[in-house]
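Visitor: What follows is the residue order along each chain.
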Amino acid sequence: MWIYEKKLQYPVRVSKCDPRMARFLLEQYGGADGELSAALRYLNQRYTIPDKVVGLLNDIGTEEFAHLEMIATMVYKLTKDATPEQLEAAGLGPHFVNHDKALFYENAGGSPWTATYIQAKGDPIADLFEDIAAEEKARATYQWLIDYTDDVDIQDSLKFLREREIVHSMRFKEAVEILKAEQGKKKVF
Amino acid sequence: MEENKEANESAGNREPERDGHSVAGDAAYVAELEQLQKVDFALVELTLYLDTHPNDMHALQQFNQLAQRRAHLAHSFEIKYGPLMQFGHSYSRYPWQWYQPPWPWQV
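These protein sequences, in sequence, are chains A and B.
The opening position of the first sequence corresponds to residue 0 in numbering that gives the first Met the number 0, with each subsequent residue numbered one higher.
The opening position of the second sequence corresponds to residue 0 in numbering that gives the first Met the number 0, with each subsequent residue numbered one higher.
Looking at chain A on its own, in the form it has when it is part of the complex (with noise of 0.2 Å):
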């Protein structure tokens, strides 16, 4: 099971109503290669991977809501002083008529959550080398967020992000070549 903590993973601050910056920021919350499909990604495979790297998946799939939460947070910060017309004038228009200022698992084009977006081959090879491009392809979105904008503060919670992306990238080649050895192993009898 789950148990909830009332407290962020790190610190979330914005200097600034920003809802252009909310809606690119919906990119890591409702993407593809957002927060919520790589939550999703690993706690699914976690099922059917060897037992040496289930506790990897287990973990890094946990840290992943907890990143949830801080875009969560980012948005819901950036928007909450919004009114319509200045919602409107930052493409979130056709947000506001279906949820007002909830949030809503949809990326930043709008297309909402699909879980077309992660897969689980039963091949634990298959499933580290997606867990990998994933992380990798979060990292290089964290990187274009950061560059759209010249808040200091969203910046240093997205570079805390960003660089967690590179952390679970190198966790997961590890996975992969401690898979490798015991195939290895296994050969020799």
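These are calculated hints, taken from the structure and not from any lab test.
Incorrect hints may have been included.
[Unchecked claim] Calculated from the model, a selection of chain B residues having no Cβ within reach of chain A, i.e. all distances over 12 Å:
(1) S21
(2) A27
(3) L32
(4) Q36
(5) K37
(6) L49
(7) H57
(8) Q60
(9) Q61
(10) Q67
(11) R68
(12) H74
(13) Q85
(14) Y93
(15) Q99
(16) P101
[Unchecked claim] Label pairs and their in silico Cβ distance ranges:
(17) A58(B) - E162(A): 14 to 20 Å
(18) M56(B) - G92(A): 44 to 50 Å
(19) A58(B) - E135(A): 34 to 40 Å
(20) N54(B) - M0(A): 25 to 31 Å
(21) K184(A) - R92(B): 44 to 50 Å
(22) F128(A) - V22(B): 44 to 50 Å
(23) T115(A) - P94(B): 18 to 24 Å
(24) A58(B) - G92(A): 37 to 43 Å
(25) R92(B) - I145(A): 37 to 43 Å
[Unchecked claim] The list that follows gives simulated cross-link-like pairs (lysine to aspartate or glutamate, EDC-like), each with its CA atoms no further than 16 Å apart:
(26) K136(A) - E162(A)
(27) K51(A) - D155(A)
(28) K51(A) - E176(A)
(29) K179(A) - E4(A)
(30) K37(B) - D80(A)
(31) K37(B) - E4(A)
As the structure is a computational prediction, the values presented were derived from the model and not from experiment.
Quick reminder that beta carbons are idealized off the backbone N, C-alpha and C, glycines included.
Using the hints, position chain B against chain A.
Guide: The following block gives chain B in isolation, referenced to the frame of chain A:
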């Protein structure tokens, strides 16, 4: 002073109580929470590392030491600001404290 004022504003304008006690959401709360976030970050990092390096004795010792420090920090934080966790992992004073704001996205 100026820095404190700014920190207060970013904490949703929650001013410390008049008798000087810090309350959830104020600048002292944010600073103490950050101490806990720092230790917890090291623990997350060590957890993932140990998942792929289970025989690293030095990392394991660091993990256990920080886990102990984390427990002390969380305990003193919870005495001041209320429970961090629910389902029996934190205690509550009367009346029930868990449901009270601020929630993390409101700080």
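Visitor: For each hint, tell me whether it holds in the structure or not.
Guide: Quick rundown of the hints versus the structure:
1. No beta-carbon of chain A is positioned within 12 Å of the beta-carbon of S21(B); the least distance is around 16 Å.
2. A cut-off of 12 Å between C-beta atoms confirms that A27(B) is not in contact with chain A; the least separation is 14 Å.
3. Remark: the non-interface label on L32(B) conflicts with the geometry, its nearest Cβ contact in chain A lying 6 Å away (cut-off 12 Å).
4. With a closest Cβ-Cβ approach of about 6 Å to chain A, Q36(B) is found to fall inside the 12 Å limit, against its non-interface label.
5. Remark: the non-interface label on K37(B) conflicts with the geometry, its nearest Cβ contact in chain A lying 10 Å away (cut-off 12 Å).
6. With a minimum CB-CB distance of about 9 Å to chain A, L49(B) fails to clear the 12 Å threshold, and the non-interface call is violated.
7. Taking the minimum C-beta to C-beta distance to chain A, about 17 Å, the non-interface status of H57(B) holds against the 12 Å cut.
8. At the 12 Å boundary, the C-beta of Q60(B) stays outside the reach of chain A, the nearest C-beta of that chain being 19 Å off.
9. Residue placement check: Q61(B) keeps its beta carbon more than 12 Å from all beta carbons of chain A (closest about 16 Å).
10. Taking the minimum C-beta to C-beta distance to chain A, about 18 Å, the non-interface status of Q67(B) holds against the 12 Å cut.
11. No Cβ of chain A comes within 12 Å of the Cβ of R68(B); the nearest lies about 16 Å off, and the non-interface call holds.
12. Consistency note on H74(B): stated as away from chain A, and its beta-carbon is indeed over 12 Å from all of that chain's, at 14 Å minimum.
13. With a least CB separation of 7 Å from chain A, Q85(B) falls inside the 12 Å interface cut-off, contrary to its annotation.
14. Every Cβ of chain A is farther than 12 Å from the Cβ of Y93(B); the closest lies at roughly 19 Å, confirming the non-interface assignment.
15. Here Q99(B) does not stay apart from chain A, with its beta-carbon only about 10 Å from theirs, under the 12 Å limit.
16. A beta-carbon of chain A is positioned within 12 Å of the beta-carbon of P101(B); the least distance is around 9 Å.
17. For the pair A58(B) and E162(A), the supplied restraint of 14 to 20 Å holds, since their beta-carbon distance comes to about 19 Å.
18. Between M56(B) and G92(A) the C-beta distance comes to about 58 Å, which lies outside the given range of 44 to 50 Å.
19. Hint check: A58(B) to E135(A), Cβ distance near 25 Å, so the stated range 34 to 40 Å is violated.
20. Look at N54(B) against M0(A): about 29 Å separates their beta carbons, and that is inside 25 to 31 Å.
21. Between K184(A) and R92(B) the C-beta distance comes to about 55 Å, which lies outside the given range of 44 to 50 Å.
22. Between F128(A) and V22(B), the C-beta spacing of about 49 Å keeps the proposed range 44 to 50 Å intact.
23. The hinted range of 18 to 24 Å is not satisfied by T115(A) and P94(B), whose Cβ atoms lie roughly 47 Å apart.
24. Against the hinted window of 37 to 43 Å, the Cβ-Cβ separation of A58(B) and G92(A) comes to about 51 Å, which falls outside the hint.
25. Taking 37 to 43 Å as the suggested C-beta distance range, the pair R92(B) and I145(A) conforms, at roughly 42 Å.
26. Pair hint K136(A) plus E162(A) holds up; C-alpha atoms about 13 Å apart against a cutoff of 16 Å.
27. Using a Cα cut-off of 16 Å, the hinted pair K51(A) and D155(A) is violated, with the two alpha carbons roughly 34 Å apart.
28. Note on K51(A) and E176(A): the hinted pairing holds, with a Cα-Cα distance of about 11 Å set against a maximum of 16 Å.
29. Annotation: proposed proximity of K179(A) to E4(A) is violated, straight-line Cα distance about 36 Å (limit 16 Å).
30. Of the pairs offered as hints, the one joining K37(B) and D80(A) is violated, with about 30 Å between alpha carbons and a cut-off of 16 Å exceeded.
31. For the hint linking K37(B) to E4(A), the alpha-carbon distance of about 15 Å falls within 16 Å, and the restraint holds.
Hints 3, 4, 5, 6, 13, 15, 16, 18, 19, 21, 23, 24, 27, 29, 30 from the earlier list are contradicted by this structure; the remaining hints agree with it.
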